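Mapped onto mature numbering (1 follows the signal peptide of the UniProt record, and there is no 0), the consecutive letters of the sequence shown carry residue numbers -22 to -1, 1 to 79.
Quick caveat, the hints were computed from the structure, so don't treat them as lab data. These numbers come from a predicted model, not from an experiment. Everything hinted at is true.
Restricting the straight-line Cα-Cα distance to at most 25 Å, the calculated cross-link-like pairs of lysine to any residue (SDA-like) are:
1) 29 x 49
2) 29 x 66
3) 55 x 79
4) 29 x 74
5) 78 x 27
6) 55 x 73
7) 29 x 43
8) 55 x 14
9) 55 x 36
Computed Cβ-Cβ distance ranges for the label pairs, DEER-style:
10) 32 x 8: 26 to 32 Å
11) 16 x 39: 21 to 27 Å
12) 11 x 75: 19 to 25 Å
13) 74 x 42: 14 to 20 Å
14) 60 x 16: 35 to 41 Å
15) 8 x 76: 17 to 23 Å
16) 35 x -2: 31 to 37 Å
17) 72 x 11: 16 to 22 Å
18) 59 x 11: 31 to 37 Å
Don't be surprised by glycine CBs; every beta carbon is placed ideally from N, CA and C.
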Amino acid sequence: MIRTLTLSLASALFLAASPATARVERDQDNMRNAAAQGQVIPLNRLVAEVKARPPYNGMTYLGGPQFDARRMIYALKFMDGSQVVIVYVDARTGRIVGRKP
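Please build the complete structure, drawing on both the sequences and the hints.
Quick look at the structure:
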(Lines of atoms letter the chains of each structure in order from A and count residues from 1; the text may use other names and numbers.)
(Lines give C-alpha, C1' and ligand atoms only; values in the text may rest on other atoms or scores of the structure.)
Protein backbone atom coordinates (compact mmCIF):
# COMPACT_ATOMS: atom_id res chain seq x y z
CA MET A 1 0.00 0.00 0.00
CA ILE A 2 2.70 2.49 1.00
CA ARG A 3 4.82 1.48 -1.98
CA THR A 4 1.90 2.04 -4.35
CA LEU A 5 1.22 5.44 -2.79
CA THR A 6 4.89 6.39 -3.06
CA LEU A 7 5.01 5.38 -6.73
CA SER A 8 1.80 7.29 -7.43
CA LEU A 9 3.16 10.43 -5.77
CA ALA A 10 6.47 10.13 -7.61
CA SER A 11 4.66 9.72 -10.93
CA ALA A 12 2.43 12.71 -10.23
CA LEU A 13 5.41 14.90 -9.36
CA PHE A 14 7.25 13.81 -12.49
CA LEU A 15 4.28 14.56 -14.72
CA ALA A 16 3.68 17.91 -13.03
CA ALA A 17 7.31 18.94 -13.55
CA SER A 18 7.47 17.85 -17.18
CA PRO A 19 5.78 20.92 -18.77
CA ALA A 20 8.04 23.28 -16.83
CA THR A 21 11.12 21.26 -17.77
CA ALA A 22 10.06 21.21 -21.41
CA ARG A 23 9.58 25.00 -21.38
CA VAL A 24 13.03 25.59 -19.89
CA GLU A 25 14.64 23.30 -22.45
CA ARG A 26 12.74 25.01 -25.27
CA ASP A 27 13.85 28.45 -23.96
CA GLN A 28 17.47 27.28 -23.85
CA ASP A 29 17.27 25.86 -27.38
CA ASN A 30 15.72 29.10 -28.69
CA MET A 31 18.43 31.13 -26.94
CA ARG A 32 21.25 29.00 -28.39
CA ASN A 33 19.80 29.06 -31.89
CA ALA A 34 19.35 32.83 -31.86
CA ALA A 35 22.92 33.35 -30.59
CA ALA A 36 24.33 30.95 -33.21
CA GLN A 37 22.55 32.90 -35.96
CA GLY A 38 23.91 36.20 -34.65
CA GLN A 39 20.44 37.48 -33.81
CA VAL A 40 21.24 38.08 -30.13
CA ILE A 41 24.18 39.01 -27.97
CA PRO A 42 25.76 35.87 -26.44
CA LEU A 43 24.53 35.42 -22.89
CA ASN A 44 27.94 35.55 -21.18
CA ARG A 45 28.74 38.87 -22.87
CA LEU A 46 25.30 40.27 -22.09
CA VAL A 47 25.56 39.35 -18.39
CA ALA A 48 29.03 40.94 -18.22
CA GLU A 49 27.71 44.14 -19.80
CA VAL A 50 24.76 44.35 -17.39
CA LYS A 51 26.99 43.64 -14.38
CA ALA A 52 29.28 46.51 -15.44
CA ARG A 53 26.43 49.05 -15.15
CA PRO A 54 25.33 50.69 -11.91
CA PRO A 55 23.38 49.60 -9.88
CA TYR A 56 23.90 46.05 -11.11
CA ASN A 57 27.69 46.14 -10.67
CA GLY A 58 27.21 45.56 -6.93
CA MET A 59 24.80 42.65 -7.39
CA THR A 60 25.43 38.93 -7.74
CA TYR A 61 24.19 37.23 -10.92
CA LEU A 62 22.14 34.16 -9.96
CA GLY A 63 22.05 32.42 -13.33
CA GLY A 64 19.04 30.57 -14.69
CA PRO A 65 18.26 33.07 -17.46
CA GLN A 66 14.96 32.91 -19.25
CA PHE A 67 14.58 33.86 -22.88
CA ASP A 68 11.43 35.03 -24.62
CA ALA A 69 12.13 34.16 -28.27
CA ARG A 70 9.05 35.99 -29.52
CA ARG A 71 10.05 39.31 -27.92
CA MET A 72 13.83 38.61 -27.94
CA ILE A 73 14.09 39.49 -24.25
CA TYR A 74 16.31 37.91 -21.61
CA ALA A 75 15.16 37.84 -17.99
CA LEU A 76 18.28 37.82 -15.79
CA LYS A 77 18.17 37.26 -12.03
CA PHE A 78 20.42 39.21 -9.68
CA MET A 79 20.69 39.28 -5.90
CA ASP A 80 20.67 42.71 -4.29
CA GLY A 81 21.29 42.12 -0.58
CA SER A 82 18.43 39.82 0.36
CA GLN A 83 16.19 40.72 -2.59
CA VAL A 84 16.03 39.02 -5.99
CA VAL A 85 15.96 41.52 -8.85
CA ILE A 86 14.92 40.46 -12.34
CA VAL A 87 16.39 42.57 -15.12
CA TYR A 88 14.76 42.42 -18.56
CA VAL A 89 17.25 42.99 -21.37
CA ASP A 90 16.75 43.30 -25.11
CA ALA A 91 18.78 40.37 -26.45
CA ARG A 92 19.56 42.13 -29.73
CA THR A 93 20.89 45.41 -28.33
CA GLY A 94 21.74 44.76 -24.69
CA ARG A 95 19.45 47.61 -23.64
CA ILE A 96 17.74 47.18 -20.26
CA VAL A 97 14.00 47.39 -20.91
CA GLY A 98 12.64 46.65 -17.45
CA ARG A 99 13.26 45.56 -13.93
CA LYS A 100 11.32 43.83 -11.17
CA PRO A 101 11.26 45.13 -8.41
